[in-house]
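J.: For reference, the chains in residue letters:
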Amino acid sequence: MGEVNLEHVSKRYEDVTAVDDMNLDIKDGEFVTLVGPSGCGKSTTLETIAGLTIPTDGTISIADREVTTLPPKDRGIAMVFQNIALFPHMDVYDNISFGLRLRNYDKDEVDRRVERAAEIVQLEGMLDRMPDEMSGGQRQRVAIARAIVREPDVFLMDEPLANLDAKLRVHMRTELQRLHKELDATIIYVTHDQAEAMTMSDRVAVINQGELQQFAPPLDCYNEPRNLFVAGFIGSPSMNLVEGVVDSNGLQTPDYHIEFDAGQFDGVSVDDRITMGVRPEDVYLVEDAESVAHPTSQIDARTDVLEPMGDEIFVYILTGEGETVGMDAEADDAHQLLMSVDPDKDIDTDKDVQIVLDRERIHLFDTDTGNAIAHGLEFTSVEPGPTSTEAEGDD
Amino acid sequence: MGEVNLEHVSKRYEDVTAVDDMNLDIKDGEFVTLVGPSGCGKSTTLETIAGLTIPTDGTISIADREVTTLPPKDRGIAMVFQNIALFPHMDVYDNISFGLRLRNYDKDEVDRRVERAAEIVQLEGMLDRMPDEMSGGQRQRVAIARAIVREPDVFLMDEPLANLDAKLRVHMRTELQRLHKELDATIIYVTHDQAEAMTMSDRVAVINQGELQQFAPPLDCYNEPRNLFVAGFIGSPSMNLVEGVVDSNGLQTPDYHIEFDAGQFDGVSVDDRITMGVRPEDVYLVEDAESVAHPTSQIDARTDVLEPMGDEIFVYILTGEGETVGMDAEADDAHQLLMSVDPDKDIDTDKDVQIVLDRERIHLFDTDTGNAIAHGLEFTSVEPGPTSTEAEGDD
Amino acid sequence: MAEAEQTQTDGRQQAETTRGPFQRWVQGSIQNPERTYQAMFYVVTLFFLFTTLFPFYWLLVLALTPREAIVNVWFLPKGFNPGVFIEIFEQLPFHLFMFNSFVLALITTAIVLVLASLAGYVFGRLSFPGRGVLMLLILAISYFPPAAFLLPLFRLFTGNVELFGVSSPMLYNTPGAMVLPFSALFMPLSIFILTTFYGQIPDGLEDAARIEGTTRLGALVRVIIPLSAPGVATAGVLTFISVYNEFFFSFLMTNGEVQNWAPLLWGILGYQGQYAEFYNLMAAASIVGVLPIAILVVIAQEKIVSGLTAGALKE
Amino acid sequence: MSTEQTTEKRQQGKSGAYAGAVRWIENLSETQFAYLLLTPALLLLAVIAFWPLLSTFEMSLRADSLRGASQVGEFVGLQNYTDLLTGKLDTVALPQPFIDFSQPFKSALIVTFIFTIASVLIETIIGFGQALVLDQDFRGRRWVRVAIIIPWAVPIVIQGMIFYLMFQPGIGFGANLTEMVGLTSTPLANSSSALGIIVLADIWKTTAFMALLILAGLQSIDRSLYDVAKVAGASKWQQFKMITLPLVLPTVLVALLFRTIAAMRVYGLIETVSGCTTVPSLSCLVVTTFSTRRYGTAAAVAFVTAAIIGIVVSIYIVKFRDSQGGF
Amino acid sequence: ISRGQSSNPNVVQWAADDDVRTNKDAIENALHEAGLDDNIRLEVLAGNEQTGARQSQYQRWLSANLEEPDLLLVDSGWAIPFIERRQLLNLSENMASEALNKVNNDYFQGSVITGKSSDGDLYAIPLFSDFGTIQYRKDLVRQSGFNPDQENWATEGISWKKFSRVTKKVLQDNQNIDYGFTFQASAYEGLSCCDFNEFMTSWGGTYFGSVENLLGQVGNRPVTLDSQNVIDSIKMIRTFIHGNDAPNTLNDFEGGIAPRAVLSWIEETSRAPFSNGNAVMHRNWPYSININGAPKSEGGFGEDLGVMPIPYGVKSGQAGQGLGGVASALGGWNVAINPNTRKKDKALQVLEAMTSESFKLKLFELIGWIPPEPGLLETQRASNVPIMGRYVDTLKVAGQNALPRPVSVVWPQESGKIYQSVFAAYAGQESPQQAMSTLNSQITEIEEYNE
Ligand SMILES: Nc1ncnc2c1ncn2[C@@H]1O[C@H](COP(=O)(O)OP(=O)(O)OP(=O)(O)O)[C@@H](O)[C@H]1O
Ligand SMILES: Nc1ncnc2c1ncn2[C@@H]1O[C@H](COP(=O)(O)OP(=O)(O)OP(=O)(O)O)[C@@H](O)[C@H]1O
Ligand SMILES: [Mg+2]
Ligand SMILES: [Mg+2]
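Chains as they are written, first to last, in my numbering: chain G, 370 to 764; chain Y, 370 to 764; chain C, 28 to 342; chain U, 8 to 334; chain F, 6 to 456.
No lab work stands behind these hints, which were simulated from the structure alone.
Treat the hints loosely; a few may be bogus.
Said to hold, decoys possible - For lysine to aspartate or glutamate, the following EDC-like pairs were computed, each having C-alpha atoms within a straight-line distance of at most 16 Å:
1) F:301 <-> C:95
2) Y:396 <-> Y:376
3) U:248 <-> Y:463
4) U:243 <-> U:81
5) F:174 <-> F:144
6) U:95 <-> F:453
7) Y:442 <-> U:234
8) U:243 <-> Y:443
9) Y:714 <-> Y:737
10) Y:714 <-> G:659
11) F:143 <-> F:309
12) Y:714 <-> G:729
13) G:714 <-> G:676
14) G:720 <-> G:656
15) G:714 <-> G:635
16) G:396 <-> G:426
17) G:714 <-> G:656
This one's a predicted model, so the numbers in the text were calculated from it and none came from an experiment.
When you get a sec, could you build the whole thing from the sequences and use the hints?
T.: Shown next as structure tokens:
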């Protein structure tokens with residue numbers, strides 16, 4: 370029904386390659402999220418699936434039927450556009466019901482469905498408003514309603530929640546997931562919100578400069594990023610990445626040494642340049658480190674800037690003699706680590722502290738190719754995440 | 370220079386009151402964020418400040434000069450629009466330099482400033498693209514550059530980062546803060562991103578249905594929400610809110626009892642209906658509660674749905690005999706609590722657990738008026754947050 | 028602020044005696060540029076009104092002046108003869124000529140809008156080989172004086188052209204003989220107008236419509252045309268009025284009998300003698316022929332715009 | 008999801024042929040689709056415009072036939088053209104213009120250009136002004152619109168009559184005015200003043216065309232761009248210059264293009280106001296030659312006229328190729 | 006195939022004008038009274054009133070071989086090109102000889118030749134004639150001491166010199182009158198066919214050497230536009246317009262009696278000031294006699310309107326070739342038959358009925374169309390016609406001195422050159438000598454080119 374397959378799809382504009390040899394194999398009923406930096410080709414990928422852009426190369430099939438050049442209306446898809454694209458000359462009701470009326474649904478059915486969709490996006494009283502009489506978020510919700518009212522096999526959604534407030538976003542997230550289940554539809558979703566990508570998707574496709582970087586369940590991307598790009602991109606704030614050189618018993622970074630047996634990993638030899646990655650939540654103050662089974666040796670550091678977030682505090686710490694960092698200067702990555710601590714923690718700027726890293730959660734990447742070498746220097750017997758859905762990346 | 374004052378500003382459309390008797394007193398150089406649900410009047414408020422909308426009532430002054438009906442060009446402001454609104458007939462360079470060219474800056478100066486702005490928004494190579502050749506995020510960055518290049522006294526920014534990916538967003542956040550410092554400009558900022566509101570602003574204005582709910586530093590809003598609306602709105606995921614009835618020695622909710630001396634708080638008497646609020650990070654499994662100075666008595670519960678987020682796991686727990694909740698059914702708030710636990714935690718769905726709440730972090734609200742009664746049932750000597758900027762709300 | 032106000036008041040008191048109302052107005056305008064702008068706006072509007080209406084007013088003066096008194100006519104009618112507006116109907120079935128013109132214009136406008144919409148869509152929104160050449164070819168039609176078409180067309184419409192032994196239909200004295208040339212000659216303008224307007228609609232909206240399930244043509248009808256409503260209406264109005272007043276083919280493709288679809292022009296010229304020119308009648312007839320149409324067109328234009336916009340909604 | 012499909016199926020069943028056609032159309036390539044949509048218009052133009060033009064062109068390659076019953080004489084190739092352009096036909100076949108240029112063809116050219124430049128330029132400026140006024144919201148706008156459209160609805164015959172009578176000595180007041188300001192007392196009998204009057208008459212009537220088109224262009228501009236400009240500090244004039252003007256430019260260009268073409272073909276107005284001899288235009292030449300039954304010559308003149316217009320248009324197109332909506 | 010004819014075989018379609026259509030029933034009756042079969046009925050097309058437009062219209066109809074209209078009203082000014090191209094039915098071959106003889110013998114010869122081919126066959130019979138005459142304010146002229154009635158102005162005319170004196174005197178006596186003599190000197194067909202033709206001929210000049218040659222064979226006739234008589238006539242008009250002090254004028258004539266405005270006037274515009282009492286003398290066609298001679302109660306001048314032939318510059322005896330003396334340009338319309346008609350017999354019957362006296366007089370009464378037959382103008386019935394009846398004597402004189410325009414296939418070409426040159430000379434843009442010698446060579450060139 371709703372399988373979507375991209376084989377070697379490329380889309381080139383005059384001087385840009387927006388999508389570069391993309392292969393995606395999306396199962397029926399799957400919820401797939403495309404993430405990647407601005408301009409990496411997410412929208413273009415969706416457009417080729419929708420039939421709005423004919424790819425320069427490659428084939429696209431939906432439900433085992435090749436559709437590469439088929440007009441959009443015959444692909445059985447609905448789409449929420451990044452630029453919202455409401456019909457400015459129609460009121461909300463007409464915008465939402467547009468696709469249904471095209472298909473000559475009878476009036477009652479249209480009414481029923483529109484009402485239901487309006488309820489889902491919480492726009493009940495606004496059916497006769499015109500788009501220019503609405504706020505940005507309201508418009509976006511109309512765009513979502515316009516897509517879901519059609520109940521097709523495949524949904525394409527390009528940042529559908531970008532303009533919504535946190536609460537509504539959580540609500541919409543739930544609603545979309547429910548819809549996903551109820552309709553058993555395939556959803557291809559573009560978002561910049563990590564929480565969305567993490568919570569909603571069966572698999573995440575990480576794209577950079579038109580190229581697919583990793584296509585795997587969200588926690589796999591988080592815990593086992595396939596390369597430096599994915600490591601840096603997934604997770605907010607991002608993983609600390611520190612370059613170093615392999616020596617006989619580990620990795621020497623400018624300011625400290627991480628011990629491991631270089632022979633333990635394929636293809637790593639002494640004097641290789643390797644990048645070590647560790648997420649802010651895996652950096653601990655020594656005093657809080659009792660729960661860590663395999664801490665590194667202590668590292669002397671100094672707190673720099675604090676960013677209290679309410680439910681946690683981000684602490685920028687300097688491990689070497691580097692300049693002050695934080696938001697004032699481009700940080701020299703090698704001397705800086707970001708750490709997240711409990712909001713109750715009594716911590717202050719410019720204090721000397723000792724920190725440790727969780728060795729189980731240290732990642733190693735080949736600095737030159739960017740490819741991952743290892744995720745975790747030690748392993749406990751516990752499985753990685755509590756309910757990680759069927760772990761099946763493509764690497 | 371950049372003080373902005375709204376006095377009793379209202380804006381009514383035919384059947385909607387978009388802004389309702391708004392009073393804001395923004396200091397020179399302050400960074401103020403407007404938050405609130407979609408359609409609450411944030412954009413409209415900005416528009417009245419910009420002079421694009423003349424308020425139905427009230428006066429607006431900028432830099433001590435009344436500007437209520439002054440045309441926008443005489444107000445010394447720059448603005449990033451929620452709908453981006455790039456000039457379709459101009460390339461990126463011309464879009465960005467628009468305001469400068471209006472003022473007949475000389476060519477070199479324009480070039481210099483445009484380059485600088487393009488650098489800040491990471492659009493260096495794209496100055497000769499047309500808007501329709503760019504991705505959503507790229508367009509938004511042009512819109513930002515167009516505003517910052519002007520370096521005025523007051524910036525108005527309506528969700529300027531909505532279309533950017535997490536990494537770029539963090540980068541832009543830092544850049545905006547640096548700009549804020551450098552130009553010493555007043556910034557009024559609309560966002561749906563809690564992290565943005567929390568980290569960037571000196572003060573946050575929480576708006577609901579056109580009415581100002583609280584106008585205070587972000588941590589104050591987080592820690593001492595003035596009413597139920599603010600409590601539920603600020604923080605993601607939101608605060609757990611459970612209704613109950615006051616009895617002689619505390620609050621009786623459907624499933625458990627929270628002890629306190631009712632007399633301790635003004636205007637609270639037995640049989641009053643009160644809503645208890647507690648944030649997910651202040652709900653603990655009994656075994657993790659050793660760090661909590663004043664826990665409540667244990668509450669029996671059962672885990673329901675788990676949402677692993679990477680750096681933490683959200684656990685929906687049921688305190689009573691209620692139906693399953695999570696994303697499948699509208700939860701009955703009274704029987705449900707959301708808890709955040711460490712990602713390493715070995716936790717599973719449908720297990721019986723004991724939890725406690727941190728009494729220091731329990732909030733009480735009058736159910737009928739919504740107003741806050743108390744923040745914390747006990748107080749330790751520690752100050753609330755580590756570096757909370759000058760704590761001065763308006764309540 | 029308060030200080031400034033104070034000095035202003037002082038100044039005003041001092042000057043009260045010497046300043047005339049105009050000076051005061053000027054002073055006020057300098058302080059309030061919005062007011063200057065408003066005033067300028069009204070002056071300009073009045074100027075436009077005067078210049079466009081004056082010749083028309085003079086036409087009215089001509090109409091009301093009895094025929095014999097049309098000598099040295101300045102700004103007032105010499106004599107007052109409102110009966111002229113009845114006389115024109117007594118002399119000729121002028122309303123029928125108007126009706127003919129109206130029908131011809133309506134049919135032509137409909138044909139032109141449909142064909143030009145298709146062509147405008149193609150030229151405005153698609154790119155394909157031959158686009159530039161075709162546009163130039165279509166434009167080139169307008170380079171030719173209408174006379175260049177006349178002889179062959181006349182032969183065509185009077186059954187004098189044979190192709191494979193079949194002679195062309197006798198369209199002379201039928202609406203076809205006028206509607207076809209009108210359509211062909213006014214179409215290039217409409218095509219170009221619609222090309223620009225359709226070309227400016229953002230792709231996103233057409234994309235959205237196509238995703239929702241319209242065909243390419245469906246998107247044209249439901250989204251692009253409604254969104255270009257001002258342009259479509261203007262193309263329609265320009266075509267309609269041009270046809271209504273057309274003087275070349277109107278004149279040549281019918282023998283002037285009202286039952287043979289002779290249009291307005293024949294009506295107006297019907298008040299002309301070989302030497303004797305009934306200027307007052309012609310003037311009156313033009314006012315009758317033109318004023319209701321102008322008003323109708325303005326009302327219609329608004330309706331067209333809202334109608335097109337609404338038409339996309341309802342099935 | 009299945010509902011959608013069944014409905015689609017139902018539709019298909021209802022009119023399979025129609026659905027089939029739709030499907031066929033949708034699956035055409037962009038080029039095929041383009042040509043399909045152009046077919047009706049091109050068909051009409053082929054029969055009603057291109058074929059007659061070809062036939063007229065053929066006529067232009069033949070000699071005049073003044074005496075016989077047949078309309079044209081023997082085939083003479085391009086002789087009509089060469090005779091025309093070398094001035095050989097000036098005396099014997101073309102009406103002599105009133106303006107005292109020795110060659111009628113040249114004077115027609117000059118008159119046509121003067122008329123075109125003067126009228127189109129002024130009409131564009133005034134039309135823009137009128138459109139800007141009509142684009143505002145004010146009470147009575149609808150009636151101002153009627154007033155501005157009225158001249159456009161006036162038939163050329165009447166337009167000509169108004170100005171003819173207005174400037175006819177002893178009939179209207181115009182001649183008195185021109186005399187008062189020290190010009191001629193018979194403005195319509197004098198080429199330059201008659202040309203001025205014709206330009207005036209043309210401006211009166213056709214400014215509405217410009218105004219209407221430009222107005223439509225103005226109305227299609229996204230209003231939120233003005234918000235941006237206002238906040239960026241643009242004065243009204245700057246908003247006009249930097250937003251309004253470039254965004255209506257494509258429309259203005261279309262208007263300008265067609266006005267220029269129409270102005271270069273001016274005939275009816277001249278005929279009714281001053282007569283073709285006083286103010287000879289290219290089209291005058293065509294029509295008068297046609298009416299003297301010199302069909303071969305007339306056809307040649309018509310094609311030369313078209314060629315001249317074509318040259319002017321090409322200059323336009325080359326000049327404005329870059330501004331959008333172009334070719 | 007059907008080519009748009011009316012289905013009724015007894016209805017003859019006649020392309021005429023609005024006057025005919027308005028009076029269609031009366032005309033039909035008159036035809037029946039004149040012996041036309043009662044079954045035959047008329048259908049009238051009111052063609053364009055602009056003669057040039059109507060010419061083009063017929064041109065298209067006949068070239069497209071339309072079968073209708075059956076009868077055509079053709080301007081005597083342009084019937085000949087159609088005849089030359091044999092686009093009209095040859096009446097000499099088809100019409101009954103009785104009617105043919107009547108036309109050939111009794112009609113104004115000036116009118117008849119406008120309907121004949123160069124080999125003498127008749128293709129169109131005159132329906133009515135028009136002659137240029139001078140209308141004047143008899144009351145004012147009398148007041149200023151002149152005696153038009155005693156001096157028989159109406160039939161004998163006066164000299165231009167006298168004309169100028171009379172006009173000048175009346176103007177001087179009536180300060181409230183702005184204009185003396187109003188006529189048509191705009192650069193248009195009417196100048197070459199008529200006004201200039203009249204002025205020139207009355208001075209003994211002509212286009213092609215003699216009056217006969219006016220309709221002679223193109224290329225085989227002398228062009229005589231540079232003769233002194235022609236130049237004198239121009240000088241006279243220049244005197245009238247510019248005063249006798251201006252260059253190239255006749256000093257012994259009274260000058261300044263015509264406004265410069267005549268240079269932009271045609272029939273109606275020149276008539277307006279006269280009708281309005283603002284001019285003394287006025288040259289025009291008979292239609293305007295009906296207007297100006299209307300009773301005073303209806304806004305005309307009634308009996309105060311005088312009519313006389315166009316004055317003479319030289320007496321008829323003084324110039325040869327039938328030149329000099331009073332001369333009136335000839336207008337009027339003829340009737341011809343569409344050669345493609347399917348109702349030839351019926352059309353011929355109608356045409357024959359039109360030659361009857363009663364019918365022509367009836368037209369005179371109905372529409373004021375002057376019978377193309379001098380004899381009829383002498384009848385009592387003609388004199389009894391209101392207004393026009395008073396002036397039949399003058400009309401008869403004018404008709405006998407009528408000048409056809411020199412119409413030929415190249416006349417449109419020549420006409421254009423003529424009115425431009427004449428205008429230029431009248432207006433003073435060129436000297437009469439220079440203008441006429443240029444014109445003479447241009448006309449010669451055209452004549453030779455199209456021989
Ligand atoms: N022109 C208008 N006519 C009628 N109602 C309007 C108009 N513009 C805005 N509104 C209404 O006013 C309210 C406030 O709108 P506003 O755009 O200020 O919301 P917002 O806070 O910016 O929302 P969002 O976060 O969704 O952008 C909304 O309910 C909106 O529907
Ligand atoms: N019409 C076009 N012409 C040239 N380049 C284009 C065009 N459309 C898109 N691009 C470029 O292709 C790249 C991919 O664009 P796309 O819209 O797919 O990005 P995206 O991943 O959706 O980004 P965002 O998150 O910012 O929306 C961008 O660099 C963009 O500038
Ligand atoms: Mg995108
Ligand atoms: Mg908003």
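J.: So which hints don't hold here, by number, going up?
T.: 4, 9, 15, 16
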